[in-house]
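Based on the hints, put chains B and C in the right spot on chain A.
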Amino acid sequence: MSIIYMLDLFGTFAFAISGALMAIKKDMDLFGIIVLAFVTAIGGGTIRDVLLGNTPVFILYDPIYIYISIIASFVAFLFYRVLFKINSIILIADALGLGVFVCIGITKALEANVSYPGAVLLGLTTAVVGGVIRDLLAKEIPAVLIRDFYAVTCIAGGIIYIILLTINLSHNEIIFSTAGFIILLRLLAIKFKWNLIRVSSFSSKKSF
Amino acid sequence: MSIIYMLDLFGTFAFAISGALMAIKKDMDLFGIIVLAFVTAIGGGTIRDVLLGNTPVFILYDPIYIYISIIASFVAFLFYRVLFKINSIILIADALGLGVFVCIGITKALEANVSYPGAVLLGLTTAVVGGVIRDLLAKEIPAVLIRDFYAVTCIAGGIIYIILLTINLSHNEIIFSTAGFIILLRLLAIKFKWNLIRVSSFSSKKSF
Amino acid sequence: MSIIYMLDLFGTFAFAISGALMAIKKDMDLFGIIVLAFVTAIGGGTIRDVLLGNTPVFILYDPIYIYISIIASFVAFLFYRVLFKINSIILIADALGLGVFVCIGITKALEANVSYPGAVLLGLTTAVVGGVIRDLLAKEIPAVLIRDFYAVTCIAGGIIYIILLTINLSHNEIIFSTAGFIILLRLLAIKFKWNLIRVSSFSSKKSF
Chain A
6 MSIIYMLDLF
16 GTFAFAISGA
26 LMAIKKDMDL
36 FGIIVLAFVT
46 AIGGGTIRDV
56 LLGNTPVFIL
66 YDPIYIYISI
76 IASFVAFLFY
86 RVLFKINSII
96 LIADALGLGV
106 FVCIGITKAL
116 EANVSYPGAV
126 LLGLTTAVVG
136 GVIRDLLAKE
146 IPAVLIRDFY
156 AVTCIAGGII
166 YIILLTINLS
176 HNEIIFSTAG
186 FIILLRLLAI
196 KFKWNLIRVS
206 SFSSKKSF
Chain B
6 MSIIYMLDLF
16 GTFAFAISGA
26 LMAIKKDMDL
36 FGIIVLAFVT
46 AIGGGTIRDV
56 LLGNTPVFIL
66 YDPIYIYISI
76 IASFVAFLFY
86 RVLFKINSII
96 LIADALGLGV
106 FVCIGITKAL
116 EANVSYPGAV
126 LLGLTTAVVG
136 GVIRDLLAKE
146 IPAVLIRDFY
156 AVTCIAGGII
166 YIILLTINLS
176 HNEIIFSTAG
186 FIILLRLLAI
196 KFKWNLIRVS
206 SFSSKKSF
Chain C
6 MSIIYMLDLF
16 GTFAFAISGA
26 LMAIKKDMDL
36 FGIIVLAFVT
46 AIGGGTIRDV
56 LLGNTPVFIL
66 YDPIYIYISI
76 IASFVAFLFY
86 RVLFKINSII
96 LIADALGLGV
106 FVCIGITKAL
116 EANVSYPGAV
126 LLGLTTAVVG
136 GVIRDLLAKE
146 IPAVLIRDFY
156 AVTCIAGGII
166 YIILLTINLS
176 HNEIIFSTAG
186 FIILLRLLAI
196 KFKWNLIRVS
206 SFSSKKSF
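One line per chain: the protein sequences are A, B and C, in this order.
For the first sequence, counting from 1, position 79 maps to 84 in our numbering; every step adds exactly one.
For the second sequence, counting from 1, position 121 maps to 126 in our numbering; every step adds exactly one.
For the third sequence, counting from 1, position 10 maps to 15 in our numbering; every step adds exactly one.
Think of the hints as simulated: they come from the structure by calculation, not from any bench.
As the structure is a prediction and not an experimental result, all values here were calculated from the model.
Don't take every hint at face value.
[What the hints assert, rightly or not] Straight-line C-alpha distance at most 30 Å; calculated DSS-like pairs for lysine-lysine:
#  : chain 1 : residue 1 : chain 2 : residue 2
1  : B       : K113      : A       : K31
2  : C       : K30       : C       : K90
3  : A       : K30       : B       : K90
4  : C       : K144      : C       : K30
5  : C       : K198      : B       : K144
6  : C       : K31       : A       : K198
7  : A       : K31       : C       : K198
8  : B       : K198      : B       : K144
9  : C       : K198      : B       : K31
10 : A       : K90       : A       : K31
11 : A       : K30       : B       : K30
12 : C       : K31       : B       : K31
13 : C       : K144      : A       : K90
14 : C       : K90       : B       : K30
15 : C       : K30       : B       : K31
16 : B       : K30       : B       : K90
17 : A       : K196      : C       : K30
18 : B       : K31       : A       : K30
19 : B       : K31       : C       : K113
20 : B       : K90       : A       : K144
21 : C       : K31       : A       : K30
22 : A       : K144      : C       : K31
23 : A       : K90       : A       : K30
24 : B       : K113      : B       : K31
25 : A       : K144      : B       : K144
[Said to hold, decoys possible] Cβ-to-Cβ under 8 Å is the rule here; a few derived chain C residues that face chain B:
#  : residue
26 : I8
27 : I9
28 : V55
29 : L56
30 : G58
31 : Y66
32 : L115
33 : V119
34 : S120
35 : L126
36 : L127
37 : L141
38 : A143
39 : P147
40 : A156
Backbone N, C-alpha and C fix where the C-beta goes; we use that ideal spot for every residue, glycine too.
Same shape as in the complex, but just chain A (with noise of 0.2 Å):
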């Protein structure tokens, strides 16, 4: 078993747990929570997967990413209290899987010959569509949408990919260093709750 895959797995738990956790804030019932941290776990890799045409799409061959995501709402279920607690547990290991998930999706996406700017974007939709799905189930502005820069972050991380790649790298170095520049990069802009401008920051202060 490779270090991708074990990361891949991983990274797949802590979005399983982000869904629950939103399934259990919205009162949905068990199987709800398992449906929320199902599609939330493998949403962004399976509209990639259907994007590129690998189809079957993954998660049909290997049921493991179904086992790990009912193993993470039972989880979630049981220890809701302890978790909604030590918030930044979860940040971290949200922030390890949104590193991992597009080094994989630039790395199949680049495997089927698309453009370059087409490898980031699925590198961005790999890491952040099962979250918006998580979302629009739940009722909510997509967080993506409208939260700090989570998503530019994996676009600065998927452009980093791409020039690693341009100077010869191999694959594990440019998989480590891009991985590790966006576990990085999250960490630093929850710290520093780093946020990008809109529209409203303008009208507010020429309002007055």
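Relative to the frame of chain A, chains B and C by itself:
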């Protein structure tokens, strides 16, 4: 015309009616009614075909699903007062559709050589995703995530299908046993208002 | 560069502007604006390619659609005050995009040998699904489901396309006639505020 195909068209009609009634509740215009009827009826099968790579998807070849959705929309538009009253007829038709759709989904999945858990997942997808899209378009939290054990019924049926498959029953025997099991379980769940546990059932006990 | 391709890029720009303005209304940050611009502009074509099995989908090969969406986002971000005022220019650009997108959708569908009703459906999908995703991400009931007869215009145009095809016009003649018909019908619908009937128009009459 095979019995499965006839039941498929019947289930399509039942699902289309449920989509059309949701659109009427939300005061959509006639086009909105047709769209909601259509996506509710064919959403699950379409997503299944996309995940499997069975493209162009089935609705693009066989226009009968489009015609059925349009007819169901006009039926709902003209008789919605009656239909809202005889809710039990809709629930029974919906249960029948559910049983058939799960079986069709699993059968198509196994033809594409996916794993058994993947096949059960696709049976569920075929049966419930149309309703999920209906609820998203109507700005409702998907019913399947918060109500009784609609989806659990589909998963239980899917597991029955796999078990029957391993003991070498004929395809028709498997289909009719599985569909029958799902329809029966669904009707019992409605009759006795079975629900899954949720976190709030615990919290509320502890709050008092 | 063919005229169709140029019109396609123009329509993409118009749709991207409409997505960006929705994001600004919802107070999203710059990234949210780019995402909403992008999915509005390419959502319909992407879903069409997925349903047809034309994968990897077009945006992954030709990055110009990504660049156009980003440019449109900055234009909307800088000039949103002006753009909200000259609403009629946006509506005209949107009508032009609508005409072109329907034609491109049907052309690609017929190349994949789908049924005529399936082709009309894919023309409609190409034209309206981007807007539906925009509205879902912004937590609005999709405009196409509740407003005037936006989608009916696309379907009527699609039927015109199929009729012109059977009387053996050249591809260019069909495209320009169909697109022209859709643009004209759309502008008339806006001018005269045409709407489809809905149930409440009956109920309200009967209530009084």
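Quiz prompt | Violating hint indices (sorted, rising) | solution = Violated hints: 1, 3, 7, 14, 19, 24, 26, 27, 31, 32, 38; rest satisfied.
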